[in-house]
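Visitor: In the order they appear, the protein sequences are chains A and B. Just add 15 to the spot in the first sequence (first one is 1) and you have our numbering. Residue 245 in our numbering sits at position 246 of the second sequence, and the numbers go up by one each step.
Calculated from the structure, these hints are not laboratory results. This one's a predicted model, so the numbers in the text were calculated from it and none came from an experiment. Just so you know, even glycine gets a beta-carbon here, dropped at the ideal spot from N, CA and C. Where hints are given, some of them may not hold.
DEER-style ranges, computed between Cβ atoms [stated by the list, open to error]:
1. A:Leu266 - B:Glu111: 39 to 45 Å
2. A:Ser169 - B:Lys132: 47 to 53 Å
3. A:Leu164 - B:Thr68: 25 to 31 Å
4. B:Arg63 - A:Ala201: 41 to 47 Å
5. A:Ala111 - B:Glu154: 27 to 33 Å
6. B:Ala38 - A:Val156: 44 to 50 Å
7. A:Gln159 - B:Asp130: 43 to 49 Å
8. A:Ala153 - B:Gly101: 38 to 44 Å
9. A:Ala201 - B:Asp291: 50 to 56 Å
10. B:Ala38 - A:Val60: 56 to 62 Å
11. B:Ala65 - A:Glu228: 55 to 61 Å
12. A:Asn176 - B:Glu285: 18 to 24 Å
13. B:Ala276 - A:Leu164: 22 to 28 Å
14. A:Ala230 - B:Ala65: 56 to 62 Å
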Amino acid sequence: MASTDATPRTVAPAPSAPGRRPARRSRRRGSRAVAIAFLLPALAVNLLVIGGPGASSFFYALTDWDGFTTPSFTGLENVTRLVADSNFWNAISHNAIYLLTFITVPMAMGLGAAFMLSRIRRGTAPLRVIYFVPYLFASVVTAQVWKNLLSPSSGIASALNKIGITALDDVFFFGDTRLALFSVMAVDVWQFWGFLVVLFLAAMQGIDQSRFEAARIDGANAWHEFWHIALPGIRPTLTFAFMIISLWSLLTFNFVFVLTGGGPAGSSDVVALLVNRVAFEQLQAGYATAIALAMSFLGALLLVIFHFIRRGEEEGL
Amino acid sequence: MSALAVTASFALVACGDAGGADGAKVTVWFDTQVANAEAWDQWKVFNVDPFIEDNPDAQVEAVRVAADTQDQKQRVALAAGTGPDIITTAGPSSAVGYAAAGYLADLTEVAERNDWSENILPWALDAGVVDGKLVMLPAEYETLIVYYNKSLFDEHGWQLPTDRASLEAFAKTAEAAGVIPFAAGNASWPAATEWYVSAYLNQVAGPAALYDALVGDAAFTDAPFRESIQMMKDDFDAGWYAGGVRQYFTTEDPQKYAALADGQAAMMLSGSWELYALGDYFETDENPHEWDWAPLPGLSDAAPEQIFPLGVGLTLSANAASKNLDTAISYLEWKFSNPEVMWEATETIGQAPLPVKFEESDIPAGVDPRIGRHYLEISQSSDDGAVGYVSWTSFGPELGGYVVDNADKMLTGDLTVEAFCEGMQAAHASDTEAGLVPPVFSSDS
């Protein structure tokens, strides 16, 4: 739609008075130099700890390096092996399930809880704390607690058994190949979704309250307010949440490592675990680097996609 | 995990001098597998202090490192030239990579000087020879055995199975009495399924066939190996282990021990390391049941009646790049020349003895007779030729990794027995090509 505003959005710069331009240029040059000076240390550190190993990763991914001896160049052998490696595809399919689950389940839970909290005028602080507290626990501790809770012999199933409820008797959350991955994800969601509640609540509280009031005057119900005001109002935060969840789903490690170790029979294996095993147990650091590099490319691809989504949003605003 | 993490952990390490020891100080990284500081101090009492008493000019810096990350940290440190002077590994399968990379000093002359061939069990010493050079010393030896609840057996008048037929009959009897034949579980240690693979390969195909496969005269796709793995799968499917595959995947070590001690299960197939764990569950105020152990029975005509698949659970080597190589070697010489300190450690802190020759009279009275008998029978079996092989000592890294990664898939049926055996053979061929098959000791040594 063409703007009807009489004020031009872009104002052509007025001709500078003679003698002022060099001073402004010099000031601009000076501030740019200061900015570069501030950036240089971080850039140097980045080049050292990311650029160096990053560049060497490309080299090692093309070798048979065992992490010990001098690597031999093997061309694209690791890449062709990766394409045919059923363990890799098994693990990455689990990362994909992780991703799909986390961009739906905790997102929906987080949005719903945040919206409900945003409608409460007073006393939300304790609720926010309750939702957020699990996120503050060390993931290893959380995992171990849930491992005990879901243990068939000593957890909830055992406690229910004592009062005559046997419904969980034949359920092996972490020992059944059909349940293991979903059980791990359930524990991860339990810890993570509170973070989303706090994130979305903060964003929703930034929305101009007069919009909600106007909608209510027009007869909007809670769902309408959520769908037409709250969701569009936190779109940048939503995009950010999608982005970090996507990247974290590719990197997930802690909960799987502690709860199942990727088992049973690889049914909850993820790429980060596979890389760890291949590099440090099977001593194939070159191949492990190739796997990790493939994941880095996938992560970069996601970042590019989100970059375009965000740019589209900014242009649409 | 990003590519950076993998590369950086190996490659982005600080530059430093090889050895990393000052003067006559020897560094050793060690894990006692116990959590409290008191036990760590006790470890030093038997593994450091006596050496210092004998060598007042020497110093030993013992650095405690968590067992599950020790190998990884040690590899990175050695690549950076900052590794310990004494290199410890979890067995020849792991150590052979260090040897191939040239990190392990040649100890052949040291062995001759100390007559180690006369004192150390021959199969264990042979397991440390790579390319004709002795590069690692066996510091802990173990075998796979059958533990059983002796009180439960006495109560029911049961006899231990001695062959396939009696094992099948026993399983039926035990299950009829509401007892699971074997306590088992790999939730605490997912790699534990390799113990069963090792056991069945020895019990069905037999040590001689395994030797042939390891040296390349037979293939893991041959009928005896397929039959071994098929029998293992059948027994798991029958619920002999933990009551079923899903239960096996869910059971933690403490639950496994408790099941055996409480009489919910009759036996437990596991390694020598459990000798020191069962005391917390048996013969206590709460549970008066007694435990005992027996050798693995042969389960086919091709296998001997009793088998001791032998493994080295810990190796010690001298860092070839150490600045204090002489002191490091002195430490190793001291370690293998003080059997009285070794037995004292076994008696006091439950430290497994070194694979050295000994007489029954050498064992202190305070050592549990079942533990003493265990090591005596291993020595005897070495002489009798009733020894076998375990994956963590005799398999190369790719074959070992393949078994750990895929044995559970075979149990769940995601991988057929044939495909599992084909994978084993392919992995072994790869290790062979890379020169990473650990030394194969003779089964009649």
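Visitor: If I claimed the Cβ atoms of Leu266 of chain A and Glu111 of chain B lie 39 to 45 Å apart, would that claim hold in this structure?
Guide: Once the Cβ atoms are compared, 52 Å apart, the range 39 to 45 Å for Glu111 of chain B and Leu266 of chain A is violated.
Visitor: Between Asn176 of chain A and Glu285 of chain B, does the beta-carbon spacing fit 18 to 24 Å?
Guide: holds, 21 Å
Visitor: Quick check on a hinted range of 55 to 61 Å for Ala65 of chain B and Glu228 of chain A, using CB atoms only.
Guide: Given about 58 Å between the Cβ atoms, the range holds.
Visitor: Just to be sure I understand the hint, the distance between the Cβ atoms of Ala38 of chain B and Val156 of chain A should be within 44 to 50 Å; is that true here?
Guide: Given a distance of about 23 Å, which is not inside 44 to 50 Å, the answer is violated.
Visitor: With 43 to 49 Å as the target window, see if Gln159 of chain A and Asp130 of chain B comply at their CB atoms.
Guide: holds, 44 Å
Visitor: Does the beta carbon distance between Arg63 of chain B and Ala201 of chain A stay inside 41 to 47 Å, or does it fall outside?
Guide: violated, 36 Å
Visitor: The hint says 56 to 62 Å between Ala230 of chain A and Ala65 of chain B; measuring C-beta to C-beta, is that right?
Guide: For Ala65 of chain B against Ala230 of chain A, whose Cβ atoms are near 57 Å apart, the range 56 to 62 Å holds.
Visitor: Go ahead and decide if the range 22 to 28 Å is satisfied by the Cβ distance of Ala276 of chain B to Leu164 of chain A.
Guide: holds, 25 Å
Visitor: Assuming the hint says 50 to 56 Å, is it satisfied by the Cβ distance from Ala201 of chain A to Asp291 of chain B or not?
Guide: violated, 43 Å
Visitor: Can you let me know if the beta-carbon spacing of Ala111 of chain A and Glu154 of chain B is within 27 to 33 Å?
Guide: violated, 53 Å
Visitor: Regarding Ser169 of chain A and Lys132 of chain B, is the given constraint of 47 to 53 Å on their beta-carbon distance met?
Guide: holds, 50 Å
Visitor: Range hint 25 to 31 Å: satisfied by the CB atoms of Leu164 of chain A and Thr68 of chain B?
Guide: Holds, at about 27 Å.
Checked against the numbered hints given earlier, the structure breaks hints 1, 4, 5, 6, 9 and 10 and satisfies all the rest.
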